[in-house]
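Keeping the supplied structure of chain A fixed, place chain B with the ligands upon it in accordance with the hints.
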Amino acid sequence: MSILVLAEHHDGHLAGSTASVVAAARQIVDSSGGDIDLLLAGEDVGAIAEQAARLDGVARVRVADHAVYAHQLAEPLADLLVALADDYSHVLASSSTIGKNVLPRLAALKDVAQLSDVLDVVSADTFKRPIYAGNAIATVQSSDALKVITVRTTAFDAVGENNSAPVEAVATVADNALSTFVGEELAQSERPELGGAQVVISGGRGMGNGENFQLLDGIADKLGAAIGASRAAVDAGFVSNDMQVGQTGKIVAPELYIAVGISGAIQHLAGMKDSKVIVAINKDDEAPIFQVADYGLVGDLFQILPELEQAL
Amino acid sequence: MKILVAVKRVIDYNVKIRVKADHSDVDLTNVKMAMNPFCEIAVEEAVRLKESGEVTEIVVVTVGPKAAQEQLRTALALGADRAIHVETDARVDSLAVAKLLKSVIDDEQPGLTILGKQAIDTDNNQTGQMLAALTGLGQGTFASKVDVKDGTVDVTREIDGGLQTVSLTLPAVVTTDLRLNEPRYAKLPDIMKAKKKPLDTKTPEELGVDIASWVSLVQVETPAERKGGIKVGSVDELVDKLKNEAKVIA
Ligand SMILES: Cc1cc2nc3c(=O)[nH]c(=O)nc-3n(C[C@H](O)[C@H](O)[C@H](O)COP(=O)(O)OP(=O)(O)OC[C@H]3O[C@@H](n4cnc5c(N)ncnc54)[C@H](O)[C@@H]3O)c2cc1C
Ligand SMILES: Nc1ncnc2c1ncn2[C@@H]1O[C@H](COP(=O)(O)O)[C@@H](O)[C@H]1O
Chain A
1 MSILVLAEHH DGHLAGSTAS VVAAARQIVD SSGGDIDLLL AGEDVGAIAE QAARLDGVAR
61 VRVADHAVYA HQLAEPLADL LVALADDYSH VLASSSTIGK NVLPRLAALK DVAQLSDVLD
121 VVSADTFKRP IYAGNAIATV QSSDALKVIT VRTTAFDAVG ENNSAPVEAV ATVADNALST
181 FVGEELAQSE RPELGGAQVV ISGGRGMGNG ENFQLLDGIA DKLGAAIGAS RAAVDAGFVS
241 NDMQVGQTGK IVAPELYIAV GISGAIQHLA GMKDSKVIVA INKDDEAPIF QVADYGLVGD
301 LFQILPELEQ AL
Chain B
1 MKILVAVKRV IDYNVKIRVK ADHSDVDLTN VKMAMNPFCE IAVEEAVRLK ESGEVTEIVV
61 VTVGPKAAQE QLRTALALGA DRAIHVETDA RVDSLAVAKL LKSVIDDEQP GLTILGKQAI
121 DTDNNQTGQM LAALTGLGQG TFASKVDVKD GTVDVTREID GGLQTVSLTL PAVVTTDLRL
181 NEPRYAKLPD IMKAKKKPLD TKTPEELGVD IASWVSLVQV ETPAERKGGI KVGSVDELVD
241 KLKNEAKVIA
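Here the protein sequences line up with chains A and B, keeping their order. Heads up, the first sequence is in the working numbering, so the first residue is 1 and it goes up one at a time. Heads up, the second sequence is in the working numbering, so the first residue is 1 and it goes up one at a time.
Note that these hints are calculated values from the structure, not bench results. Careful: at least some of the hints might be erroneous.
Said to hold, decoys possible - Under the rule of at most 25 Å between Cα atoms (straight-line distance), these lysine to any residue pairs were calculated in the SDA-like manner: (1) Lys-66/B x Asp-210/B; (2) Lys-247/B x Val-68/A; (3) Lys-145/B x Val-68/A; (4) Lys-276/A x Glu-237/B.
Bound conformation, chain A alone (with noise of 0.2 Å):
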């Protein structure tokens, strides 16, 4: 029984939550046993190797290093994935949307099913995830031969780096007649990462224009907060997809989460009630935001963000 890790990087940089998913795998070896493998897949992805062998608890470190792999396209990804997992019990991913675009298509390759957002370990074959934007959790049990399972990385404890993990090459699946990268747009932002930082600070409807958004960077850049966003916030063109926080959006858990101009609809909540402590600043002192938080500020944003500022 070994786990294969599929790892995450981005802009040649080891992706943190890689290490939390290894703590899931953890987890599932300390009950049966075996080893955890990486398998890091990408175009001259050799710095990021030696990241990824440093991770505790790993065994070895496979990499595909090939053009093929550069913008992980499912379709080639899966297909390598395919080609390694006979050796392997399980496959983890992290619930991100490489995992989630990579590992169902694995799963239906190899006639598995595949368990999604898996928050909590219970044995090896045996999982607790979160149904209905998170208002059920669910213990499901797999007798399937190979578990697929991408990993709610804010669920899991980063495992330490001091590790020299074994690097080796894997032969690769270089085929990919079915998709081909055309362009990316990427967010460019010196704050931490949304799924991995200490302070989220989220503006919703409520912020009424993009450029009000710059109210919440003062308080940010004193905070180290990463900044977040609701779904009409980002559906009404304030900020990018990528700041979304929800059901359907990043699931965050920080040290403190500070919703400002934000209701507190199911599907927000369903991404940061994990929270440890939770702050709402809404002008209306009925909004369902409330009930989830720990301390509410009742009143208008723009008088309480730029007072807040200045407080910190």
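Relative to the frame of chain A, chain B with the ligands by itself:
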């Protein structure tokens, strides 16, 4: 070109769910049901492609109990031409749905198949990817823009870092994200007309698909409720609480 759209009947997104007392599942008795919001977006996209002349026929399909025909009728009222109901009362997981949809694709040979990215009941986000795998087609998941060309389709995808555009060889499978379009409402005359549009019923057995699952639902729990906290009277009080009570800022 023919287009196939898969829609699922789910709990209405506004409903606050309850877990059954015996923890076997979520209680759906007397709960308002509706078309999965992402499937509404899929239907809308198909209708727009038809309106722009790229598509000649829209076939809508669902897998589910008899009552799921309501959602097929809704899709017909919105502009689908024909419906296929794969009828079963069983709990059908995403892999089995993908197998059933594959058999419909084998039959219908659509140029493009559109699904929602995620059903808001199971929150699986799998079926489109699985269907693409089983049919050997390319996949454009989490689409915020779909641009059909000659023999290919460009799909702009919402990814964690922003947007990515891929070009897929047709036929292909697309799954919708929230910002692909804003679905229209069905008009009363169209709802009347939809009653006369063709709706075929099939069973998984007739399609020759085994829908057995190797995953069992052991139990369903309500997550720990967050207790509401307090209201503070001022920014200074808030900052003081965060520093000295919650100790989350320095
Ligand atoms: C399938 C589906 C998936 C979804 N996924 C997500 C998701 O992932 N994430 C998400 O966020 N939503 C999601 N939604 C949308 C969700 O249902 C809500 O519509 C959305 O969260 C509302 O955003 P909002 O709170 O910013 O806007 P609103 O509900 O309009 O709330 C705005 C708030 O701002 C307050 N306000 C206005 N002006 C001021 C002011 N000057 N000062 C202080 N407060 C002010 C108002 O009192 C109000 O409470 C989804 C919906 C569906 C159907
Ligand atoms: N029972 C079903 N019948 C028809 N389509 C379905 C069914 N289940 C899932 N789908 C399609 O697959 C999409 C994603 O669902 P899921 O992978 O279950 O989250 C949905 O938005 C539908 O388009």
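Consistency of the hints with the structure:
1. At most 25 Å may separate the alpha-carbon atoms for a hinted pair to count; Lys-66/B and Asp-210/B meet this at roughly 19 Å.
2. Distance restraint check for Lys-247/B and Val-68/A: the Cα-Cα separation of roughly 48 Å exceeds the 25 Å cut-off, and the hinted pair is therefore not satisfied.
3. About 24 Å separates the Cα atoms of Lys-145/B and Val-68/A, which keeps this hinted pair within 25 Å; it holds.
4. For the proposed pair Lys-276/A and Glu-237/B, the alpha carbon gap of about 19 Å is at most 25 Å, so the pair holds.
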